[in-house]
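Novice: Residue numbers (the numbering used here), protein chains in the order written: chain F, 60 to 453; chain R, 1333 to 1644.
Heads up, some of the hints might be wrong.
To be verified - Derived list of chain R stretches under chain F, where covered just means 3 residues or more per stretch with a C-beta under 8 angstroms from a C-beta of chain F:
1. 1372-1383
2. 1412-1419
3. 1422-1433
4. 1466-1474
5. 1498-1510
To be clear, the hints were calculated from the coordinates, so they are not data collected in a lab.
Idealized CB from N, CA, C, for every residue including glycine.
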Amino acid sequence: MAIRERMSGNEAMAVAMKQINPDVVAAFPITPSTEVPQYFSTFVADGVVDTEFVAVESEHSALSACVGAQAAGGRAMTATSANGLALMWEILYIAACSRLPIVMACVNRTLSGPLNIHNDHSDSMGARDSGWIQLYSENNQEAYDNMLMANRIGEHPDVMLPVMVCQDGFITSHAIENLELLEDDKVKAFVGEYNPKEYLLNKENPISVGPLDLQAHCFEHKRQQAQAMMNAKKVILEVSAEFAKLTGRSYGLFEEYMTEDADVCMVVLNSTAGTAKYVVDQYRAAGKKVGLIKPRVFRPFPVDELTAALSKFKAIAVMDKADSFNAAGGPLFTEITSAMFGKGVVAPKVINYIYGLGGRDVRSGDLEIVFNKLLEIASTGKVDSVYNYLGVRE
Amino acid sequence: MAYNLKEAAKKPERLTGGHRLCAGCGAPVVVRQILRALKPEDHAVIGSATGCLEVSTFLYPYTAWKDSFIHNAFENSAASIAGAEAAYVAMKRKGKAKDETKFIAFGGDGGTYDIGLQALSGAMERGHDMLYVCYDNGAYMNTGIQRSSATPKYADTTTSPAGKKIPGKMQTRKDLTEIMANHHLPYVCQTAAIGNMKDLYEKAEKALYTKGATFMNVLAPCPRGWQYNTPDLMELNKLAVETCYWPLYEVIDGKYIINYKPKNKLPIRDFLKVQGRFKHLFKAGNEYMIEEIQAEVDKRWEALLKLAGEEA
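If we strip away everything but chain R, and leave its shape as in the complex, we get (with noise of 0.2 angstroms):
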């Protein structure tokens, strides 16, 4: 069936109101719609590495997911759902599960790209059908907003501060999605909530929906850490792929396919001014900073195109 946002958003919330992430805050948005995904008559056994959307869902005596959840630690939200999957594998051998059931693990760019990363990549390696999910918001922001290996050159965060003397964080942004497309998964894909989120639905009805390992690399912007006004989520979320800053893609069987092109790839300046983190790269004799993350970001877009077979 065709998707259509007003039929999908009819599907019962499988993450309830109630919860306690931020308002503006990308990641509900992201982990819904993911949700909506799912056959209606499927269980699911969702996990959360530590972070705002763990923190914020399940304190307990309260939980909003409807589904069943599990919070290990930090870096292990891909082995602890790998585990539960293997359960699984097993129990339906032998006649103890019944249920059709999916498996989904949740991260943060800092418990995906940073201190899970081992565990992900051993997840994925050894082929659990399971999906894994990285919300990124570029930056450790449960613990108040510290660098990760996803956070863009330049930003200020409160371990890589814009001083009199380092402008910001001085390293480029990891690639995880290369990464783990380069782990040959029948399934990588790359997307952000926009418009009416046909992109990220069909992306992880795909996901899901592939059997073994896949992975989803999902922007979600964080309005205290990019420091954004709260209502424009969705603008944050636009600006990132009309930009060129965050590609939408899949790695299907090893293709590439890209699903966005914009007709007028806009400057990266008009993301960068509409979010505090980049406040400083806008004062008189800080230019080259503006045009050094253009060039980064154009290379990594031309560089994506061929992978794609496209032409720039």
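Here chain F stands alone, though its shape is the one from the complex (with noise of 0.2 angstroms):
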């Protein structure tokens, strides 16, 4: 029987790093995120976990540790936000390039400057060709079952990369809510065993990892990362359909809400969807024809099924919450975009907003303005401006 509780975003987080019992922790405060690893710690000094909790002096190191750690053969995690992951960034793509199924709990925030400690994507956003799969989550259910599933996935053969879980800072890291736990021993037999083929304490097979790699072999190496990420969809789904057997939760690389016969659908990452949904069946109720769909997996992105799946509505609105500052749209806009013309779907009309940023409330009266411009589109089949804010004072 599944266990009902009740906690926050960041305890859902600890808990499922608890249950998966890894070798080595290592990670430094940060606000949003700072919760998971005190929880973390409770656990270590209750002797609940066989943990070695590495209590570093800055992110760059809880990564530098964690890279050491799982090369070494033992599985590690790390959790942390905003300046933190961009204090780790060079370590991000060294640990990918080694492939090493590090997984990271990221409670995204708003990345300085100006200092700020609230929810935006421009943490995880400004990491997405670091190499790292991405799955964002949008409550504190999601961050649970995307942390069991996130070993599965990095340390399948075809895939060897680290997997950073998103959720969103304080909105879903700090708000209680219902959901339901796997038991300790399900999880266990679940998530499994880390037996690498090659780690640094096998004395009988010793190993150099990291080394000077130059134009001989670089490029072959960079493929088969590449190749790596392009594998990696398949084992998402394939790890998605068991822990849906075992859980009766589904998680596909998407989520489509009202979509089937939808004109018009918003895209748009973790929690907001949760009010965008709300929003939908609003509309639904008066007659209006409005869809969602979330991205669940950034990347790799799923160009082909996102593309089938956008090809027939009329016009979508894609959401970001992070700016490119390119003065041309977000990052998941140009993603979508691009991966539409490049697929032949020029079909819909797409428009950009960027919403947000440094934590601004994202109501459903703003969620309104979006669908009523994207049902204005639909009907006149005109766009008047492809890249706008929402909710700004300009």
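Could you fit the two chains together into a complex? Lean on the hints.
Specialist: What follows is the structure, given as structure tokens:
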């Protein structure tokens, strides 16, 4: 029987880590992810995990220690937000190219500057090309579930890549919600043991990790890394299917909500999808054909599936809680529109909204503006502005 | 067993030949001698910061390391090895790691005194059971001889060039060994490969087999940066010690022990004159620079004697 509980998103991630019982957790405090290592160090202090908790002196060292631990043959995990993730930047790429399936709880927060502790996606969006798999979570349940699936995905022999599980800082990380936990033994059986083929602690077969890798071989290694990310899509679906059998909770590459007969669609990540679903319900009650797509997997980017799903709408609004400062559109928007163009999906009109930066509240009324605009575009066929800002004083 | 160079040299090499470090480079001499102090039956996980040692020993698809080796980045050799050690502790607890394993992180002075100081301080303070070795050649040699905080005053480097107005590096050297001693570690030492390398071997053995975080600062001359004749490597090491530029000492649980006191302390000019990086100090009118360096060496040596409770 699943365990019904109520807890914050941070606690849910920490509990998932407890049940996974990794060899090393190395982390450094930063709001709003601080609670994750706090909870976890309590589990260590109480002796309920076998983990070595390494209270490092910076996020740079947190991820560096994770690289050392995972290369040694252990399972390593960390948690961070915003500037902490930025300080890890250099090592994000090294972890990915070294094919070390480290798992990170990324509690999304605005990347400085200016200094701001509240939620947007400027931290993880900036890391989108670092070679990490990125899973996004709407609520505490999804944050917990994604954490439980992360090791299986990253450690698959066809993948061997690090995984970042994202949830919205404060909005879900600090909000207490009901959720269902799996029993410890079921998690243990599902996650399994980490038995890498090659690792530093193997005296019988010593290895060297992290070479100087010049023109003769580097490109081939980057190509293999790219292939691993391509392979990850299938593995994510397989692991998610197995997880669904175990829990009854189904996850795909993205979630479609009321899209079947929809004329217009909003694409939105993480917690705002919850608010958007409420607005969709209200519009549906009024007979308006609106729907929502919530990407769960941003890396690898599900080009085929997402473009196929988006092809049937008349108008689409891609919502970005991060700006690219390219005077053209946010990261999710540019990625989706370039994917659509590449796949020849050019019928839908696509607009972009930058919203919620620095933790600006996103209310149902804000999202109504977006749906109204989409319905207007659907009926007139005209787009007056592609790149827009929502909920900001101008 | 008493140290014997012949016996020590008979041990199988753990850093093999074929690496690409320069002739006359101090680094491989230091590394090989330290690795000889490992018990043959012990496995080692060795890390290196980005730098000469790393790029010359592990160029894909070749490695010169017989033990397991990891290079992560420039500033995180200490954190990377700390992570490996933490995994070892957890995996031992779970019965997944059985072999006796030692953990060693190497870094040059750039990767240790400068960009890696924070990660080093953190790893040492946390008390991981590991040895950190700084091979100090007194500049960023791998990128082409730029000044570091370990570069001695007035040295000519490519970012502190001896020019018409500014005669080389204008600051004195950071004392990293003292910084590490003040971390109150069980074992800290300063050493160099002199004579039959007994001092280096015995300190490595102590550092490796003292439980907890230990630190060695080892002089490693660089023929390109220091501009000396490559066969003179051992002579450079000797002069550094005989002039008290690089005193040999240990700090064991806070207690200072000076391992070698020269009977006739040589003037610092003997050490400076054999190095091209100090060539400008020997031009007429620049005598004050040598005097200043001599005064600084004397001051630091006397301070060390005091710490060890000895008279000058």
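Novice: Against each hint, give a clear statement of whether it holds in the structure.
Specialist: Going down the list of hints, with the structure as the test:
1. Using a Cβ-Cβ cut-off of 8 angstroms, 3 residues of the stretch 1372-1383 of chain R lie near chain F, which meets the minimum of three, so the contact claim holds.
2. Counting residues of the stretch 1412-1419 of chain R whose CB lies closer than 8 angstroms to any CB of chain F gives 8, which reaches the minimum of 3, so the coverage claim holds.
3. For the stretch 1422-1433 of chain R, the proposed coverage by chain F is satisfied: 8 residues have a C-beta within less than 8 angstroms of a C-beta in that chain, meeting the threshold of three.
4. Look at the stretch 1466-1474 of chain R against chain F: 0 of its residues bring a Cβ nearer than 8 angstroms to a Cβ of that chain, fewer than three, so the hint is violated.
5. Counting residues of the stretch 1498-1510 of chain R whose beta carbon lies closer than 8 angstroms to any beta carbon of chain F gives 0, which falls below the threshold of three, so the coverage claim is violated.
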